[in-house]
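Take each chain as given, in its own frame, and dock them per the hints.
Here is what each chain is made of, one letter per residue.
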Amino acid sequence: MTRQKYLFCYLMVAPAMLITTALGIYPMLFSLWMSFVEYDLLRINQFGTPFVGLDNYVEVFSDPRFVQTLFNTIIFTILAVAATLGFGLLLSQVLNANYRGRTAMRMLVCVPWFVPPAVASAIWMWLLNTDRSPINFLLQDAGLITSNIRWLTDSATWGPFSIPMMSIVAVRVWNGLPFAVIFLLAALQSIPRSLYEAAEVDGASLWQKFWYVTLPMLRPVLAILITLLVIGGLGSFEINYIMTGGGPQNLTNIMAVYSYQQAFSFYRFDLASAASGMIFIMTGFISIFYLRSQLKRVA
Amino acid sequence: MTHRPADTTKTPFRLLARRAASLALATALTTTTAMGGYAQDITFWTQPQGDLLAYQDMFDTLTSEFREQSGINVSVEVINWSVAFNTWLTVAQGGAAPDCADMYWLHSFSGIGAGRFGPMPITQYKDQWPTLEEDFYEGALVDVHRNGEFYGIPWRVDIRPMMYRTDFLQEAGIDAPPDNWEQIVEQGLKLTQRDANGNVTRWGFALGANNNPGQTLMPYYWQAGGAMMTEDGRTATIDNDAMRTTLKFMQDLVHVHKITSPEIFEKSADPLADFTSGTVAIVGSTNNSWPSQFDRDYPELEGTWALEINPAGPTGERDSFSGAGYWGVLYGSKDVDACIDWIKFLSTPENMERISEVTGAASPRRSVMTSELWTQKPWQAVMAETLNYGHTSQHPSAVWNAIASPEPGAVLYDLVYNTVIGGGDIDAAVTEAQARMQTELDRANAS
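Just so you know, the protein sequences line up as chains W and H, in that order.
My numbering numbers the first residue of the first sequence as 1 and each following residue consecutively.
My numbering numbers the first residue of the second sequence as 1001 and each following residue consecutively.
Because the hints were derived from the structure by calculation, they are not lab data.
All C-beta atoms, glycine included, are put in the ideal place defined by N, C-alpha and C.
Errors might be hidden in some of the hints.
[Said to hold, decoys possible] Computed list of chain H residues with no C-beta within reach of chain W, every gap over 12 Å:
#1 Gly1071
#2 Phe1085
#3 Asp1241
#4 Asp1295
#5 Gly1303
#6 Arg1318
#7 Val1411
#8 Val1430
[Unchecked claim] Label-pair restraints from in silico Cβ distances:
#9 W:Met12 x H:Asn1080: 32 to 40 Å
#10 W:Ile19 x H:Ser1082: 22 to 30 Å
#11 W:Met166 x H:Asp1051: 34 to 42 Å
#12 W:Met107 x H:His1255: 46 to 54 Å
#13 W:Thr49 x H:Ser1064: 42 to 50 Å
#14 W:Met166 x H:Glu1302: 39 to 47 Å
#15 W:Met166 x H:His1255: 19 to 27 Å
#16 H:Ser1064 x W:Pro64: 52 to 60 Å
#17 H:Asp1175 x W:Pro64: 44 to 52 Å
#18 W:Met166 x H:Lys1190: 32 to 40 Å
#19 W:Arg65 x H:Thr1237: 19 to 27 Å
#20 H:Gln1069 x W:Ala118: 40 to 48 Å
#21 W:Val58 x H:Asn1199: 43 to 51 Å
Extracted from the complex, chain H is given alone in its bound form (with noise of 0.2 Å):
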């Protein structure tokens, strides 16, 4: 009797053992048997682009399509936008990372792995691509080297050109959009509606298409010919003429003119809803994503709407604020060798071209925007054209996204808000915004 209750306790834990086992023995079964299936086996990571099931359904045809040709096993893992910049921020710093993957902010990402973690460059490959100038935008390409070192292959490109209502330009009796700085202020004036109390209901220029200041800034300074650091990303650039002409032309529309809304950089603010609904005429930079989405979400606005290039500033300059995201490898990669045949499978202009139907990015690739693809609607052939002045928004400085940062205490948001909006002395903003720039990029050269 007294032996019973022990018997009892360990018949269980018997039991338990035996299915710790079996289930053992089952994983590491499977585990020898996949990798009997494929001698190789690496781990892709990306973010979605356009439909995520459609994505997906797109990664697992050409993981399959590249497994019989290579006897590669890709494990693709999509992570999502919303834990994207945590992720990343996490493996630069050491944390579970992928073999190779779809990335972006190259600079920062690098600069916080230092060598150790995060991208890895992969120069010695390069030659994998020996057309990679004459293939690829220049643009996207300054987004996929660092320190002379090439990281990777740009696959999507975050192009932002003009785009405006046609049928309010044509209300108002304006034949073609802005072609230039002062045509952006004789059209809005003329676009730009109030009510009976004085209150907008339709602003006519929009600067930008988010409310991050940096990224609105950016175009508009480098259309007046600005630079925002040196080439060796360690001197600040921005205490000088081409900014202060960006910020008056850009507070002007706010205060003086009264065409563009002062709510423009708050959290509140949606430039999207404000276009669709009319209250916008003129967005001078747009969403990537847009002209796709209006496809897409927006038939309803069918033939109201274009693209165009962005109006050229007072040095006739028509640079295009551009982002790549790019396949690269990462540090720790257990098969270096089995990625590059990865990107190298991926980054064929018949791939890149199914790539870019499937999500409805523009392609860095020249012969993807020149194929009937992206040549079938107008909107497309400007995308296309304005890639050509396409300038990138990465800048060569590990620093470069805190500066630019959507959040207020950033360098460029502080300097924008504070004139455009607040209406501040450009002067003295100006001279304080490039000490504290200069403050940061010594942070982050420190070494």
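So that you can see chain W by itself, here it is in the shape it has in the complex (with noise of 0.2 Å):
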């Protein structure tokens, strides 16, 4: 009988797994081997794939632009991440309040969520140009700039700041931001009330609530949360893609543009499996941490 339920349990989740495997892990392992291999199509009809090691790591690393690129996707991940949980739990709390017009309250802030990463950024780019964006007229308008400001094409930076990359921040923000809020949202809704009233018996403070109630009950929550996000943002493709393309002076390239650049412009999969490879191994130790954290809690 054990058996049979079993066997039943591995049937229900076959096709999952099957497919997992096919289009996840095995696409996955293969490009953890073309970073083991010489994978250069305009050679691999001659040359064959011939294991070279550490190789295509040891160019990657050495080739500036790429160390650019991994530092810029940190740098673009931790600002994401820390934009959206910041407005998230803002947000969250404003639409788990009760007022009139709640409902409505969160359907727009859910509008940025039915827009694909690829229209968003069309409309953004169109938004943030140089020379036609409304808000450049706007601020125009009202006096608070002279000249136009060059949202996605400007190479001044600030350290490790720069327009371009800020306004690239800003969009995937905006785009991620209602996932962040329902997740949020979910986790507010499920604390007990009773939380709050023993709380203010005790004469807690808005603040307080917040940091002392509110925080330490979201905390699972907000694991997952900033997991899902890191992954989320080192991986990143679309937004930087479409709008910028990395530039200007790859100061908005990240790792997975990268990777695509060497892949698709440059005939180079070796390469780009290597530039995937860090993105792997980065996200792998994410997620390492995080189960780590998990089964202790469940310990």
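The following block contains the structure:
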């Protein structure tokens, strides 16, 4: 009976496992394999795919563009995750409060989620075009600026920050915020009202209620959310590729874009795989860290 | 009672088996009928040009006429441009391929296919077009030859003359568009306008019609008398005075004369929108599809724009960017003869004129460009004239499209961006680019 039950369970998960294996695990392993061989489309039909060990990793790390890209990816992810969490916590509190029009507000906040990143990028490219940006027009009309802000093309930098990078992060946050808000809103609704009442009896201020009640109760959800946002940020592609292609001067280039460029522009699938391998290692590290903490909690 | 569940299980299986058998029989019968109807079947892939529905209708008509004439059935599949590159990259690596197709980038896809996959030479069939050299523009024919082998018939040509706003020139008191590089600067200065805060409201001159630095550079470099590589595709030849002169000219337009936007190579740049909205007065090397697109989509701009052959560079050359799409055969084709018949049918002067009319694309066949179809409007005559100055944008190396890729990290991208936009040292950049380009050529020529 137990055996039959197991068999039934395996049968039920088999389709999902098959699809995951064929479309997720196999390509991932194949890509990892490519990062350890020479996989140059211009030479593959004559020279095959000889094993080269870590040469591809050495080559990408000796490319200053990749090093900058790695750094950009980390900055991009930190900024995007921090901003999404900050705004997400604020907005979810607002949406959790009781007031007229709350449903409409919730719908409005979700709107960016319905816009695919590719479409969002096209819309924001227009909104941030130097010469045609309505934002620039508004700022000029308000007398706040005299010359157009080059949202996506200004190559001036302040340390690791630049206007194009901040613009791209803003679009990423705009597009990803609803996901975080829904996550946090669901978690907020599951916090027992009695905890807040007890805090009120103890004379807790609004900030103390947030710090000592809300935040600890949100911690498990926040851990999942941060993990997902970091993994999403490290593997982010569409917005950067479509809006700036990594430019100007590599300021907004991130690893997924670099990997795409190596494969489909320069025919170097081996270097592309090595760059992807770095994303895999980084996301893998985050995932292991998260899983270990979850297992500890369960234990 | 105990047998009943077994019976109920078997019944759906039997039903399913019967249905599967019927389906297999029906498929076999259909296939047999089809094979009986057309002794030869070939597959043909193409990318859409102009209006998609009109393009598909045109091929329905052409295949139907060809079937009647030859008994050969051609199955046409239109591949969207958004997936075309990846499709041909897969084909060149041994993926599923048609018998014949409308292709491009011969050198890269041939190089990747390495004589096993992708475009197949059809030199032994070249005599089927005995007057090829007289019938077609020279620049377009270069795009269908590789290592002395003949690969197909060019059918559309991306030629890029200069485009300008007649209303702005008139307003600035300019009688004729620039005829050489000096006049580009003179007129650009007159045409550039700024608001009270110094913000540019109209740029006098845009170098090209897309944000690809490599493609933008090419015509100017040729106009200065330069060449990208030797004819055998083995040696890079960009470290020379022609390159330095060209980059200096382009750099000065942006940084000294300030008549060209420093954002021209960014992804967010939109030269078409700039030109139609009046924020750019002259586009030095326009997009081949713009004129017909303007006729179709911007009737309100009629009479405010015109084409002209490209201005002459310091050596008097007027080379224009040119690139041809061609009909060819692929390795693994099950019926090369049928494919040749199909390409011969498509490449008759009448059919090429019909195709040019539907797609709006300039034709590499001389008779089409001198026909009534291409001489009705002044811009069409300029387009035809510019074809005489057409210089192929394809170079004889499999790695060429990586060298000229519109992505940062590509040799020409970095060279042009860092000097023209970044204002970097031209000598150092050219020396570095020459070395990098040579490394890339060596990579492609390692065999």
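Structure-based check of each hint:
1. With a closest Cβ-Cβ approach of about 36 Å to chain W, H:Gly1071 is found to remain outside the 12 Å limit, as its non-interface label requires.
2. Under the 12 Å C-beta cut-off, the non-interface status given to H:Phe1085 relative to chain W is violated; the minimum distance is some 7 Å.
3. Taking the minimum C-beta to C-beta distance to chain W, about 27 Å, the non-interface status of H:Asp1241 holds against the 12 Å cut.
4. Chain W leaves H:Asp1295 outside its interface by the beta-carbon criterion, the shortest separation being 24 Å against a cut-off of 12 Å.
5. In this structure H:Gly1303 is separated from chain W by more than 12 Å, as the shortest Cβ-Cβ distance comes to about 24 Å.
6. With 12 Å as the threshold on Cβ separation, the claim that H:Arg1318 sits away from chain W holds: the shortest Cβ distance comes to roughly 30 Å.
7. For H:Val1411, the shortest C-beta to C-beta distance to chain W comes to about 10 Å, within the 12 Å cut-off, and the non-interface label is violated.
8. Distance check for H:Val1430 against chain W: the nearest CB is about 19 Å away, which clears 12 Å, and the non-interface claim stands.
9. For the pair W:Met12 and H:Asn1080, the supplied restraint of 32 to 40 Å holds, since their beta-carbon distance comes to about 38 Å.
10. For W:Ile19 and H:Ser1082, the Cβ-Cβ distance of about 25 Å falls inside the hinted range of 22 to 30 Å, so the restraint holds.
11. Look at W:Met166 against H:Asp1051: about 41 Å separates their beta carbons, and that is inside 34 to 42 Å.
12. The supplied range of 46 to 54 Å is met by W:Met107 and H:His1255, whose beta-carbon atoms lie about 49 Å from each other.
13. Distance hint check for W:Thr49 and H:Ser1064: the Cβ-Cβ separation is about 46 Å, which falls inside the suggested range of 42 to 50 Å.
14. As the Cβ distance of W:Met166 to H:Glu1302 is approximately 42 Å, the hint placing it in 39 to 47 Å holds.
15. A C-beta distance of roughly 26 Å is found between W:Met166 and H:His1255, which places it inside the suggested range of 19 to 27 Å.
16. Judged by the Cβ atoms, the range 52 to 60 Å given for H:Ser1064 and W:Pro64 holds: they are separated by roughly 58 Å.
17. Taking the beta carbon of each, H:Asp1175 and W:Pro64 are about 50 Å apart, inside 44 to 52 Å as hinted.
18. Remark: the range hint 32 to 40 Å for W:Met166 to H:Lys1190 is upheld by a beta-carbon distance near 37 Å.
19. At about 26 Å, the CB distance of W:Arg65 to H:Thr1237 agrees with the hint of 19 to 27 Å.
20. Look at H:Gln1069 against W:Ala118: about 44 Å separates their beta carbons, and that is inside 40 to 48 Å.
21. Distance hint check: the CB atoms of W:Val58 and H:Asn1199 are about 47 Å apart, consistent with the given range 43 to 51 Å.
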